[in-house]
Amino acid sequence: MELIATSHNGKPGIATDRLSEEACARNFCEMHTPLEKNAARVEAERCYFCFDAPCTEACPTGIDIPGFIRMIANGNPIGAAGLILDENILGGTCARACPVETLCEGACVRNHGDDRAVNIGLLQRYSVDQAFSQKTEFFSRTASSGKSVGVVGAGPAGLACAHRLATLGHNVVIYEARPKSGGLNEYGLAAYKMLNDFAQREVDLVLSIGGIDVKHGMALGKDITLEELRKRHDAVFLGVGLGGGASLGISGEDAPGVMDAVAFIDNLRQSERYSGVPVGRQVVVIGGGMTAIDAAVQSRLLGAEEVTLVYRRGPEAMKASILEQEFAKIRGITIRYWAQPSAVVVENGQVTGVEFETTNEAAKGETFTLPADMVLKAIGQSPHTGSMGADASFALDGGRFIVNADRMTSCEGVWAGGDCIAGGDDLTVSAVQDGKVAAKAIHLTLSNP
Amino acid sequence: MTDLKTNFIGIESPNPFWLASAPPTDKAYNVNRAFEAGWGGVVWKTLGEAGPPIVNVSGPRYEALHGRDRSVIGFNNIELITDRPLEINLAEIKQIKRDWPDRALVVSLMVPCQEEAWKAILPLVEDTGADGLELNFGCPHGMSERGMGAAVGQVPEYVEMVTAWCKQYSRLPVIVKLTPNVTSIRQPARAAKSGGADAVSLINTINSVMSVDLDSLSIKPSIDNMGTHGGYCGPAVKPIALHMVSDLARDPDCAGLPISAIGGISNWRDAAEFMLLGAGNVQVCTAAMTHGFKIVDDMIDGLGRFLQDKGFASVEDAVGRAVPTLTDWQHLNLNYTVKAQIDQDLCIQCGKCHIVCEDTSHQAIRATRNGKRHYEVMEDECVGCNLCVTVCPVENCLTLRSLSNEVDVRTGAYVDPDKKLHWTAHPNNPMAGV
Ligand SMILES: Cc1cc2nc3c(=O)[nH]c(=O)nc-3n(C[C@H](O)[C@H](O)[C@H](O)COP(=O)(O)OP(=O)(O)OC[C@H]3O[C@@H](n4cnc5c(N)ncnc54)[C@H](O)[C@@H]3O)c2cc1C
Ligand SMILES: Cc1cc2nc3c(=O)[nH]c(=O)nc-3n(C[C@H](O)[C@H](O)[C@H](O)COP(=O)(O)O)c2cc1C
Ligand code: SF4
Chain P
1 MELIATSHNG
11 KPGIATDRLS
21 EEACARNFCE
31 MHTPLEKNAA
41 RVEAERCYFC
51 FDAPCTEACP
61 TGIDIPGFIR
71 MIANGNPIGA
81 AGLILDENIL
91 GGTCARACPV
101 ETLCEGACVR
111 NHGDDRAVNI
121 GLLQRYSVDQ
131 AFSQKTEFFS
141 RTASSGKSVG
151 VVGAGPAGLA
161 CAHRLATLGH
171 NVVIYEARPK
181 SGGLNEYGLA
191 AYKMLNDFAQ
201 REVDLVLSIG
211 GIDVKHGMAL
221 GKDITLEELR
231 KRHDAVFLGV
241 GLGGGASLGI
251 SGEDAPGVMD
261 AVAFIDNLRQ
271 SERYSGVPVG
281 RQVVVIGGGM
291 TAIDAAVQSR
301 LLGAEEVTLV
311 YRRGPEAMKA
321 SILEQEFAKI
331 RGITIRYWAQ
341 PSAVVVENGQ
351 VTGVEFETTN
361 EAAKGETFTL
371 PADMVLKAIG
381 QSPHTGSMGA
391 DASFALDGGR
401 FIVNADRMTS
411 CEGVWAGGDC
421 IAGGDDLTVS
431 AVQDGKVAAK
441 AIHLTLSNP
Chain V
1 MTDLKTNFIG
11 IESPNPFWLA
21 SAPPTDKAYN
31 VNRAFEAGWG
41 GVVWKTLGEA
51 GPPIVNVSGP
61 RYEALHGRDR
71 SVIGFNNIEL
81 ITDRPLEINL
91 AEIKQIKRDW
101 PDRALVVSLM
111 VPCQEEAWKA
121 ILPLVEDTGA
131 DGLELNFGCP
141 HGMSERGMGA
151 AVGQVPEYVE
161 MVTAWCKQYS
171 RLPVIVKLTP
181 NVTSIRQPAR
191 AAKSGGADAV
201 SLINTINSVM
211 SVDLDSLSIK
221 PSIDNMGTHG
231 GYCGPAVKPI
241 ALHMVSDLAR
251 DPDCAGLPIS
261 AIGGISNWRD
271 AAEFMLLGAG
281 NVQVCTAAMT
291 HGFKIVDDMI
301 DGLGRFLQDK
311 GFASVEDAVG
321 RAVPTLTDWQ
331 HLNLNYTVKA
341 QIDQDLCIQC
351 GKCHIVCEDT
361 SHQAIRATRN
371 GKRHYEVMED
381 ECVGCNLCVT
391 VCPVENCLTL
401 RSLSNEVDVR
411 TGAYVDPDKK
421 LHWTAHPNNP
431 MAGV
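Protein sequence lines correspond, in order, to chains P and V.
No gaps in the numbering here: position 257 of the first sequence is 257 in this note's numbering, and each next residue is one more.
No gaps in the numbering here: position 431 of the second sequence is 431 in this note's numbering, and each next residue is one more.
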């Protein structure tokens, strides 16, 4: 059997049903095969149980990794899950989506010589999945504080903040613009990382603590103002993520067929059937991050015949790790480095290609054109703090909130975290950490008025 | 390659690897396969009296202690002696000896502690043409409840008495197999010697309860929800066996008493160690039971090469060569000083050496330098205990360096390799010079 099914229907332009639904479903299988009980134990035994473990230092949420791995090795995966979720309530998503090769696994001391890192991501997934399937309850709320916190955004940052506050006895109201909770866990992460309805099951687990009221269809700046929030609540946390994709600023960008990669993935994640998602026959993806890789791979898995990812610098400079680049190449994506788009070629009102200019010194200024019927822009999302009326009242850096170590903004009583703050690394796990840190700080503030 | 031919108390075998009296030597079928595989000899599974055969449990009789890779580290059994009729065993033994004249075939015996019982069985065994007898005074479970096995081995007087009967009623060489479930192994060994034993073999299994099933809350192996203690063997018991073997090898009262070593021997290295500490040959059970008979290939080849590399012309040449290195604590050189050292190029910075020394030893390994992860031994604190070396996952990264003609910065003492100091003469010893 082929690694991925590619016998597409050959329709030109952007079309649905390039592959059968069965072929798509097979293509969108698990990115990494989960560990079975025995494999998990054997892998867990590989951990050296390091002192002041480098993996823990490398984890933005500081999970006690040797601690939880030792529990798995000793046949206590549920205890392991408890240890994980205590630091990272979205440990299930992070086990699936974290770029572990640059985080915990990258720091593993077993990377030395011809050895390989302990498979921390899969071990974390094994234990959290076990706890999920057994519906283990790890958390309970302390006595009610009588305080109320308003959280904007039900993404990783908002959920982590809300959960921690709820355990500490505070009442939380989450204001979420969209109809579902989860933020990019639900709308952005690649489908092959977040199979089935995992994002929603995880959200349910987070909310099962109680004391968290999620109000959907409530957008800050449209349905409610910051002033109202501050009046209603004792503290406010902003976890609003980022807005739409940045624009290329080149001619032809508005032609049909040119799309924001995040919107493309959003559509895919929300569609009932994989094969119902329209995709081009020749797809060009522009960008160098995780979104670019995910968009390229997913177009290919939907049946695109040729997918080319074009990045303006070399492989090492790319935000997506070498491993992710390999992952894409194995799936038939061509990656072209050292080129940036100069124009989208439009014929009869339809995209037919993208013209590129090389950026490396040796061939600077040369141009080439790649044929394309679909162009996905993945050059980063822009901050959307402006739309919330935040410009005036907050200190911002490039549209992102400037926060202190406690994740408090320049505005008294307002904390922020996740992608919407300055200086972050735009990872799910970091958003969780921001939410957790902010919740602790909010709790301290509310406890000592 | 050094020739491995051995002559143990007059019993010749092409190599010193015998299968111990146990399931691998239970019947002709197994023994034939063992000899085909190349084993030098066997001690036949212990025979009992004539009459209705022994009955074994039909529930599980084995249980194991597994290592991280599920390899068997320790092994436990509640099996009794042979459960096949005496006549069948004797007929098979006779046939096997006829088919394999160059291999050693020793018959293990266990009958009640009565002269008549021994007198009755000995001629039957002699008639098979077997090369020798091994007296099972070691089985610690089941049979010992009936006054046999370890129940005899734990009483030196009985050991001596039964050995003497065997020497009286049989012309065959007698090996006395000892139980380790005693305070000092020297007592039963000396008793065997005074009874006229030609050799001792040791160790039999150690009393053990393997585990408790955490679901059913009952002991394992579980026979209809009940269990009993068993006999422990396998790689985990090797150090205990080595101690007992070497303790006899250096006991003046046991001088000249040949030893057949048993206990956790899994490969040629184990065998070589036992020989260097005084064993004339070795017997194997668990390793065969967990891997099959083929393991003997590596044993034969490895030992042959080892003996050759060390310049030993025969197995006999190597026997006991390490015994003089064994002494009492009081005769150790207290001036000998070592310090741990870390090869920074090999260090993977797991920090295990630091945390074990910090938490449980002498706080002699620092964890940082200039605020960065960095492990370094502080010689002014290190007592050279070897704990850090033991836990370091990288071979040769942490080693011990012995001091020579330099000051031990921990004690301020000058280490002169020519000046030895034993506890017997140590100034802190109130008994020194008394
Ligand atoms: C396509 C893509 C793939 C990615 N893949 C990975 C990956 O594999 N691994 C990884 O670690 N990271 C990945 N990331 C990054 C990761 O998803 C984010 O870092 C993370 O989701 C940030 O969490 P957040 O809570 O800050 O924001 P978000 O997840 O964006 O959540 C923000 C929430 O706030 C809501 N909101 C926004 N504005 C308002 C408003 N005005 N009023 C009310 N609610 C509002 C949004 O609807 C949303 O629910 C990816 C990102 C993208 C775009
Ligand atoms: C290095 C070391 C020193 C020990 N010293 C003593 C001792 O002085 N007194 C004592 O009663 N037990 C001593 N023991 C035995 C332990 O208390 C314990 O009984 C034994 O190690 C078995 O337990 P464990 O293997 O589960 O750790 C010592 C053990 C070790 C490893
Ligand atoms: S040898 Fe012992 S005392 Fe010295 S550094 Fe190692 S663990 Fe510490």
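For the record, the hints were derived by calculation from the structure and aren't laboratory data.
Owing to the predicted nature of the structure, the values given are computational and were not obtained by experimental measurement.
Where is the CB? At the ideal position from N, CA and C, for every residue including glycine.
Please note: incorrect hints may appear among the correct ones.
As the list claims (entries may be wrong) - Below 30 Å or equal to it, Euclidean Cα-Cα: the simulated DSSO-like pairs (lysine-lysine) are: (1) P:LYS222 x P:LYS440; (2) P:LYS319 x V:LYS220; (3) V:LYS372 x P:LYS37; (4) P:LYS222 x P:LYS147; (5) P:LYS231 x P:LYS193; (6) V:LYS372 x P:LYS440; (7) P:LYS135 x P:LYS37; (8) P:LYS180 x P:LYS147; (9) P:LYS215 x P:LYS364.
To be verified - Label pairs and their in silico Cβ distance ranges: (10) V:ASP215 x P:THR225: 37 to 45 Å; (11) V:ASP215 x P:ALA143: 47 to 55 Å; (12) P:GLN200 x V:VAL212: 37 to 45 Å; (13) P:ARG313 x V:ASP215: 52 to 60 Å; (14) V:THR290 x P:ASN196: 52 to 60 Å.
To be verified - Partial list, derived from the structure: chain V residues whose beta carbon lies under 8 Å from chain P: (15) ARG61; (16) GLY74; (17) PRO393.
Hint by hint, here is what the structure shows:
1. P:LYS222 x P:LYS440: The hint holds at about 29 Å.
2. P:LYS319 x V:LYS220: Roughly 54 Å separates the two Cα atoms, so the pair is violated.
3. V:LYS372 x P:LYS37: Violated - the C-alpha atoms of P:LYS37 and V:LYS372 are around 37 Å apart, more than 30 Å.
4. P:LYS222 x P:LYS147: Satisfied, since the Cα-Cα distance of roughly 25 Å is no more than 30 Å.
5. P:LYS231 x P:LYS193: Measuring from Cα to Cα gives roughly 40 Å; hence the hint is violated.
6. V:LYS372 x P:LYS440: 28 Å, holds
7. P:LYS135 x P:LYS37: 18 Å, holds
8. P:LYS180 x P:LYS147: Holds - the C-alpha atoms of P:LYS147 and P:LYS180 are around 26 Å apart, at most 30 Å.
9. P:LYS215 x P:LYS364: Answer violated: P:LYS215 to P:LYS364 is near 52 Å, above 30 Å.
10. V:ASP215 x P:THR225: 37 to 45 Å: For V:ASP215 and P:THR225 the Cβ distance comes to about 59 Å; the hint is violated.
11. V:ASP215 x P:ALA143: 47 to 55 Å: 38 Å, violated
12. P:GLN200 x V:VAL212: 37 to 45 Å: 42 Å, holds
13. P:ARG313 x V:ASP215: 52 to 60 Å: 58 Å, holds
14. V:THR290 x P:ASN196: 52 to 60 Å: 43 Å, violated
15. ARG61: 25 Å, violated
16. GLY74: The hint is violated - V:GLY74 has no Cβ within 8 Å of chain P, the shortest such distance being about 18 Å.
17. PRO393: This interface hint holds because 5 Å falls under the 8 Å limit.
Violated hints for the displayed structure, listed by number in ascending order: 2, 3, 5, 9, 10, 11, 14, 15, 16.
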